[in-house]
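*Asks:* Each chain is listed here by its residues.
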Amino acid sequence: MKLVSKEPEGILSEKWTNYKSSVPLVSPANKRRIDIIVVGTGLAGASAAATFGELGYNVKAFCFQDSPRRAHSIAAQGGINAAKNYQNDGDSVYRLFYDTIKGGDYRARESNVHRLAEVSTNIIDQCVAQGVPFARDYGGLLANRSFGGVQVSRTFYARGQTGQQLLLGAYSALSRQIAKGQVKMYKRHEMLDLVKIDGHAKGIIARNLITGEIERHGAHAVVLATGGYGNVYFLSTNAMGSNVTAAWKAHKRGALFANPCYTQIHPTCIPVAGEHQSKLTLMSESLRNDGRVWVPKHKIDCVKPARNIPEQDRDYYLERIYPAFGNLVPRDVASRAALYVTNEGRGVGKTGVAVYLDFEDAIKRLGKDTVEARYGNLFEMYQRITDENPYEQPMRIFPAVHYTMGGLWVDYELGTTVPGLYAAGEANFSDHGANRLGASALMQGLADGYFVLPYTIGSYLSTQIRAPKVDTQHPAFAEAESEVKENLSALMNIQGDRTVDDFHKALGKIMWKECGMSRHGERMTEAKEKLGNLREEFWGKVRIPGRLEEFNPELEKAGRVADLIELGELMMDDAINRNESCGGHFREEFATEEGEAQRDDKKFTYVAAWEHTGNPAKAKLSKEKLKFENVELKTRSYK
Amino acid sequence: MQLTLRVWRQSNPSAKGEFENYDVYGIDKDMSFLEMMDVLNQQLIKEGKDPVAFDHDCREGICGSCNMYINGRPHGPWDKTTTCQLHMRAFEDRDTIVIEPFRANSFPIIKDLAVDRSAFDRIIEKGGYISVNTGNAMDANAIPIEKEIADTAMDAATCIGCGACVAACKNSSAMLFVSAKVAHLNMLPQGKVESGERAISMVNQMDAEGFGSCTNTYACEAECPKGISVTNIARLNRSFIGASIGG
Numbered sequence: 001m002k003l004v005s006k007e008p009e010g011i012l013s014e015k016w017t018n019y020k021s022s023v024p025l026v027s028p029a030n031k032r033r034i035d036i037i038v039v040g041t042g043l044a045g046a047s048a049a050a051t052f053g054e055l056g057y058n059v060k061a062f063c064f065q066d067s068p069r070r071a072h073s074i075a076a077q078g079g080i081n082a083a084k085n086y087q088n089d090g091d092s093v094y095r096l097f098y099d100t101i102k103g104g105d106y107r108a109r110e111s112n113v114h115r116l117a118e119v120s121t122n123i124i125d126q127c128v129a130q131g132v133p134f135a136r137d138y139g140g141l142l143a144n145r146s147f148g149g150v151q152v153s154r155t156f157y158a159r160g161q162t163g164q165q166l167l168l169g170a171y172s173a174l175s176r177q178i179a180k181g182q183v184k185m186y187k188r189h190e191m192l193d194l195v196k197i198d199g200h201a202k203g204i205i206a207r208n209l210i211t212g213e214i215e216r217h218g219a220h221a222v223v224l225a226t227g228g229y230g231n232v233y234f235l236s237t238n239a240m241g242s243n244v245t246a247a248w249k250a251h252k253r254g255a256l257f258a259n260p261c262y263t264q265i266h267p268t269c270i271p272v273a274g275e276h277q278s279k280l281t282l283m284s285e286s287l288r289n290d291g292r293v294w295v296p297k298h299k300i301d302c303v304k305p306a307r308n309i310p311e312q313d314r315d316y317y318l319e320r321i322y323p324a325f326g327n328l329v330p331r332d333v334a335s336r337a338a339l340y341v342t343n344e345g346r347g348v349g350k351t352g353v354a355v356y357l358d359f360e361d362a363i364k365r366l367g368k369d370t371v372e373a374r375y376g377n378l379f380e381m382y383q384r385i386t387d388e389n390p391y392e393q394p395m396r397i398f399p400a401v402h403y404t405m406g407g408l409w410v411d412y413e414l415g416t417t418v419p420g421l422y423a424a425g426e427a428n429f430s431d432h433g434a435n436r437l438g439a440s441a442l443m444q445g446l447a448d449g450y451f452v453l454p455y456t457i458g459s460y461l462s463t464q465i466r467a468p469k470v471d472t473q474h475p476a477f478a479e480a481e482s483e484v485k486e487n488l489s490a491l492m493n494i495q496g497d498r499t500v501d502d503f504h505k506a507l508g509k510i511m512w513k514e515c516g517m518s519r520h521g522e523r524m525t526e527a528k529e530k531l532g533n534l535r536e537e538f539w540g541k542v543r544i545p546g547r548l549e550e551f552n553p554e555l556e557k558a559g560r561v562a563d564l565i566e567l568g569e570l571m572m573d574d575a576i577n578r579n580e581s582c583g584g585h586f587r588e589e590f591a592t593e594e595g596e597a598q599r600d601d602k603k604f605t606y607v608a609a610w611e612h613t614g615n616p617a618k619a620k621l622s623k624e625k626l627k628f629e630n631v632e633l634k635t636r637s638y639k
Numbered sequence: 640m641q642l643t644l645r646v647w648r649q650s651n652p653s654a655k656g657e658f659e660n661y662d663v664y665g666i667d668k669d670m671s672f673l674e675m676m677d678v679l680n681q682q683l684i685k686e687g688k689d690p691v692a693f694d695h696d697c698r699e700g701i702c703g704s705c706n707m708y709i710n711g712r713p714h715g716p717w718d719k720t721t722t723c724q725l726h727m728r729a730f731e732d733r734d735t736i737v738i739e740p741f742r743a744n745s746f747p748i749i750k751d752l753a754v755d756r757s758a759f760d761r762i763i764e765k766g767g768y769i770s771v772n773t774g775n776a777m778d779a780n781a782i783p784i785e786k787e788i789a790d791t792a793m794d795a796a797t798c799i800g801c802g803a804c805v806a807a808c809k810n811s812s813a814m815l816f817v818s819a820k821v822a823h824l825n826m827l828p829q830g831k832v833e834s835g836e837r838a839i840s841m842v843n844q845m846d847a848e849g850f851g852s853c854t855n856t857y858a859c860e861a862e863c864p865k866g867i868s869v870t871n872i873a874r875l876n877r878s879f880i881g882a883s884i885g886g
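If you read the sequences in order, they're chains D and C.
Counting from 1, one number per residue, gives the positions in the first sequence under this note's numbering.
Counting from 640, one number per residue, gives the positions in the second sequence under this note's numbering.
Heads up, some of the hints might be wrong.
[Said to hold, decoys possible] Subject to a maximum C-alpha distance of 30 Å in a straight line, what follows is the list of computed DSBU-like cross-link-like pairs (lysine-lysine): (1) C:Lys719 - D:Lys350; (2) D:Lys485 - C:Lys688; (3) D:Lys6 - D:Lys627; (4) C:Lys809 - D:Lys187; (5) D:Lys509 - C:Lys685; (6) C:Lys809 - D:Lys368; (7) C:Lys786 - D:Lys541; (8) C:Lys685 - D:Lys530; (9) C:Lys655 - D:Lys509; (10) D:Lys364 - C:Lys786; (11) C:Lys831 - D:Lys184; (12) C:Lys809 - D:Lys350; (13) D:Lys299 - C:Lys668; (14) C:Lys668 - D:Lys364; (15) D:Lys6 - D:Lys20; (16) C:Lys809 - D:Lys509; (17) D:Lys304 - C:Lys668; (18) C:Lys655 - D:Lys187; (19) D:Lys513 - C:Lys685; (20) C:Lys668 - D:Lys187; (21) D:Lys513 - C:Lys668.
[Unchecked claim] Sample of chain C residues facing chain D (criterion: CB under 8 Å; computed from the structure): (22) Val663; (23) Asp689; (24) Gly700.
[To be verified] Stretch-level coverage of chain C by chain D, calculated; a stretch enters the list once three of its residues show a Cβ under 8 Å from a Cβ in chain D: (25) 746 to 757; (26) 783 to 794; (27) 817 to 830.
Keep in mind the hints are simulated off the structure, nothing from the lab.
Yeah, the Cβ is synthetic: ideal placement off N, Cα and C, and Gly gets one too.
In isolation and in its complexed conformation, chain C is listed as follows (with noise of 0.2 Å):
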């Protein structure tokens, strides 16, 4: 396939950006997304130009670290699919592609396409975890817990934080990703003891942060790579009210 491709090209984070096109060739159907853009970066290096820069790791829709909006959509046209994860059969002979980074303020852009996401690791810090030190644990059969329970908790854990829930929303809410580390956490056992404090103050932490509110559209779950549900968003909004209605 030949592809004409519509890249954001921004040099630092205070620079004016633009969109720069740019013609590919012998682009396979199977090949991953990525590795179209690797054959744009080996075309540019050759002639001397600047490659795209953009953030990627494992290459099998686990790490969570690509996070490209791909003609209008977070991680493109296919459903429950990250960057790395989109094949190129996706798209058709000479077709025209728009490859933005994940925009929202509180991901403010390092270069091209890679931005800084690191208010998410900020949210977690402040209560995505069961305090317990190491050795402290008890048998891990001590408690039984419902096997529905646990299945709905791990749907909740699969979120990779990549950042396409935020970048999906017209507020640039992150919601979705709070309340799936929030509802993992405090449906279990372990995690009933700090779920109120837990609900409010990394919620206080996404608001501090910049994140939108939720105006209940949806978009995070309809964009999402691993399909979390907004049912996660009740579940928090439930221990948020709980919690501060009691505390």
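If we strip away everything but chain D, and leave its shape as in the complex, we get (with noise of 0.2 Å):
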């Protein structure tokens, strides 16, 4: 398939500032006929929702959770990107761009990128006019740290609940639409599967999670906002509820998936605890600006307590192998260094799974109210988690699965190949290449929310402003919605001897293995086959227990269950596609003598998209090549 990406012509920093000059707009009187669906109430898509409400369109919203406040942008930690130069430290726009485009290891669209710096101004703005608290200093001004990859304080936070506080402003918008009538709200419902009639999307199908009911809902475009699909690993710090499915079934229906191995594996993370772990926890990068992050010398020390091994018998890894960024390198430099040091044996703790982040030193420099004001609520979970205290003892961390950067393929529009169907937030692959950093997926979803699809949404909305009101009575929807009856009956019927959370997590087991923090193309390809095995057995052997029509969480798990293990396969065939290690995928084959990843640009600097073709094991791809006009490729370094 030709992937047009609709990137304007023209001057880098004046696309975006063309672009909205230029774009076809829809009148007011026009708009309050057209209806939009907002698939996801987190940043994006409570954003988005509530912006299209305020424009006048008619919105309908839906959500799977209890209330759309309850999405998981709620539990990010650390905080915002904006290129505010507040702190008079030399950011601009184009900083902000050039480290975003550099974290991603040239792996993402350059206009893409430049739009979101751009915007990333108006939303600190937006927000604090919401009323979100942000941090200040004793003058009143915004307050702002730094955050791993960049040597400049651009994060706006609001202590380590900024994830929280920007998602109840979205959301604090987002109700102020629903009493005006301007968006309806679907609380408890899921999207299982996308409408479509003469090629464009029209519509979703959705179950009301509590009474089972099959629904219709049509509109003139479809939003989905629907998040990652970390939890392909089982284990994550993704939401026990954070699924593929949405964005699966737009799959299945023609939208192209790109780059699906692009994971981030985030470093600072509670380590696993034992078998009956359901999830993983995360500590915010934040930490990194005082903690030190450090390991036993010797092996023999391992077992020792931390503060009975004297300072000249630790190795400060990440200070000493890069001392420009210290503590502080980009994500997926700083978790692969911690898989080298356990592999050699080096772990700490029960396991031998985790490393040291430790804030002795902090506390002698700072005092420990400044270290309690800064992370105490983080310290404070910490505590309930493991039952040891951080401000005495360092912190025990690994790495664990936190953000996917892969997604439905969109174009500068944030349109997805199906015409009328768009992706924002997370569950697009667009802004962020082949890893993020660290606080730019809240920047990234406001962005595409309040200040990107509101205007790009409108350039194909004006093309359907003679489009009657969509009528689910059309054959595509009956089509749709009996798929969707057959196949929940089909998971029902099996009524086998596993559970579904069996069956999660072994998929887990062999996606954290194979397709995790380092990868090999032999290995993955093995793994591959495990995973077409594990889904032919849990169509034979799952067991849902209940019954249709009524609340079942478990046969919701079914379904997102079936959905990953069909993601898993599509993520190992781009992993052992993408001959070369860039940002979170990392190739045992393609490493440089010293272990760092070793790019492959003339290959590979390409998107790689993915068609549906009806079997999951054999997906089509097509490439849209990146071009760097702006920014010269080089080899990361973070030495």
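Each of the two chains sits in its own frame; use the hints to bring them together as a complex.
*Replies:* This is the structure:
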């Protein structure tokens, strides 16, 4: 399939301004007649739905949670980047653009990323106007902190709960539109299929999760803001309900899925404690501003209490290997370094699969009160989970799956390959390349929802002003609905002897081992076979209790796991195809002698977009060549 | 550890619920409470029984989904802790743990431990926002806000909307929830314009939803997993009375 990126012509810094000045508009009278469906109410979805409502469109918003306020954006801790240069430390739109392109290992589209950097400043203004209580200095002005992979302080934050405050801001804007009747909110609803008429997205099939009823919803355009697919690894920092189903169903209806192998392993999470573990908890990257990462120099010391290991026997390996960035190297670099030292047998804690993040020096330098003011809530959370006091002994941390850069392929307008279907936030692939910098996910979610989609969707909707209200009696709806019902009945009728969680854990183990921090072509080929077998076994042996027409969380999970298994197969294809190491994708065969990632710009400066062929094991690859007109491709060095 | 769980089972909103006892084995003290519930549910499914329905999502204490009433306390025995962050080291081997849903007339039971808290969303819809459309904002640093005010607003804004305050209150009052949102917004310069109307219409909606009155027992503050202070209730009352008299 030919992929048209629709990037505007002209100078990079003028593209978005020119685009906005020339994009076709939809008049207020016409907006009143146009319906938009938004699936997902995290930062991207809630901000998009609210803004569409403000503009006068009729919006139907959907979330599977019991309230739009519970979307998983709420759990983001550290902050949100913006090129405000309030610190006068030399920041600019160009630098934020450059850092993001470089951080993404030169695998993102220049024009999209520049636009993101441009609107970043508007986001902060908008959020403050909504009453988001960002941290402030004593003069009453906004405070900033620094994050991994950059040398300026451009991160705005609200204690360790930035995602919560930004989401509650977007939720409040959404609630205002719900009260006005511009947005109709469908809570505890899950999208189970996309409906296409004459090739265009015209609606969705959703299941009411309380009654089990299958519903048809029509609209002139559909926006998926359904988050990432980190739960393919079973253990991740994602919420239990986070899933790929909406995006996957769209993929099966013709939307290409881009760069699925680009997953982010976050370096600072609380390590796995045992087999019972159901999810992993992040400790914000902001901790690396003041905490120092180390392991013992000698294996023999690993079992000793940390405080009994003298300074000269500690290896502050990030500071040693990467003196320029030290503990603030980007996430992929920090994660791999942790993997290496634990593989050498120098890991700490009961399992030996952890490294220390130590605040001893910070407490000496700043005092306990300052450290508590900065990170108190994170320390408390750590202590509740581990029963260890990080003021007295170092935290134990280890990398965990956190974010997925891949997602539905979108053009400059955030349109997928299905006309009328858009993807925003983590659900699309667009801005982070092969690795996302810290505090950029919140920025992208809100950029897409508040400032990008409200313009770009007009380009499509201006062609729909004569289209009548979508008739959900159209045969396409009936057909999609009956497919959904058959699929659900098939799941219920298996009545095997293994639980959904059994399969989910089996999937997660394969993915983490072979498609996690360190990957190898041959092993992944074998792993893909295993996934195919797992898929067959799932459809033969899964057991789902209860009935279709009731509140049935096990049935919800089963549908999601079925889709995640298929996605896992595609991730393997993508990771096998990409014979290079870049960002979060590290292939053991493609490394320098020092063990650093080795890109192959000649062969792989492209977006890999996969088309569903009807067989999950046989997706078809299309390529979008990435053009770099403003940035020179370099080896990322943080040394 | 080995535990006996006494769990509220109710198949649908109109069914008559009852407690059922279950024994669970091999519980590790490092498990979270919900991981212990996962063990129970896996066991029930394998026995061909219906697993216990409960709400949960982030499992890191921030989304506000989880809501179990454990041994007579919302979110269980640990202070300032959500159910998902409660860990099994809070209990002793062979304990019996009583697990109920958050009970309030305004939170109808959906199934077992899952309740419908959409009344909270409807209260927010009545004024839990600042009326500013996208694109109308001035520069974020145009209005300096005293650090102390910003911090106090943030304290109130950390409410996760779980409903523990309602479940803890003998009157099922939602005053702590409502006051946290009103205080957060009314304290900030951006929120002042609509402060009186916000207080009145959110309180009116709270009453319309059937939440009870506040009789200052402070059980809400004691049980709030985020430590939201009852000072916010005083702030709400001030806004409400000021606006009522002024209006």
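*Asks:* Determine for every hint whether it applies to the structure shown.
*Replies:* Evaluation of the provided hints:
no. : hint                : result
1   : C:Lys719 - D:Lys350 : holds (28 Å)
2   : D:Lys485 - C:Lys688 : holds (24 Å)
3   : D:Lys6 - D:Lys627   : holds (13 Å)
4   : C:Lys809 - D:Lys187 : holds (29 Å)
5   : D:Lys509 - C:Lys685 : holds (22 Å)
6   : C:Lys809 - D:Lys368 : violated (39 Å)
7   : C:Lys786 - D:Lys541 : violated (58 Å)
8   : C:Lys685 - D:Lys530 : holds (24 Å)
9   : C:Lys655 - D:Lys509 : violated (42 Å)
10  : D:Lys364 - C:Lys786 : holds (25 Å)
11  : C:Lys831 - D:Lys184 : holds (28 Å)
12  : C:Lys809 - D:Lys350 : violated (45 Å)
13  : D:Lys299 - C:Lys668 : holds (28 Å)
14  : C:Lys668 - D:Lys364 : violated (33 Å)
15  : D:Lys6 - D:Lys20    : holds (14 Å)
16  : C:Lys809 - D:Lys509 : violated (47 Å)
17  : D:Lys304 - C:Lys668 : holds (23 Å)
18  : C:Lys655 - D:Lys187 : holds (26 Å)
19  : D:Lys513 - C:Lys685 : holds (28 Å)
20  : C:Lys668 - D:Lys187 : violated (35 Å)
21  : D:Lys513 - C:Lys668 : holds (27 Å)
22  : Val663              : violated (12 Å)
23  : Asp689              : holds (6 Å)
24  : Gly700              : holds (7 Å)
25  : 746 to 757          : holds (count 6)
26  : 783 to 794          : holds (count 8)
27  : 817 to 830          : holds (count 5)
Hint compliance for this structure: hints 6, 7, 9, 12, 14, 16, 20, 22 are not met, and every other hint is.
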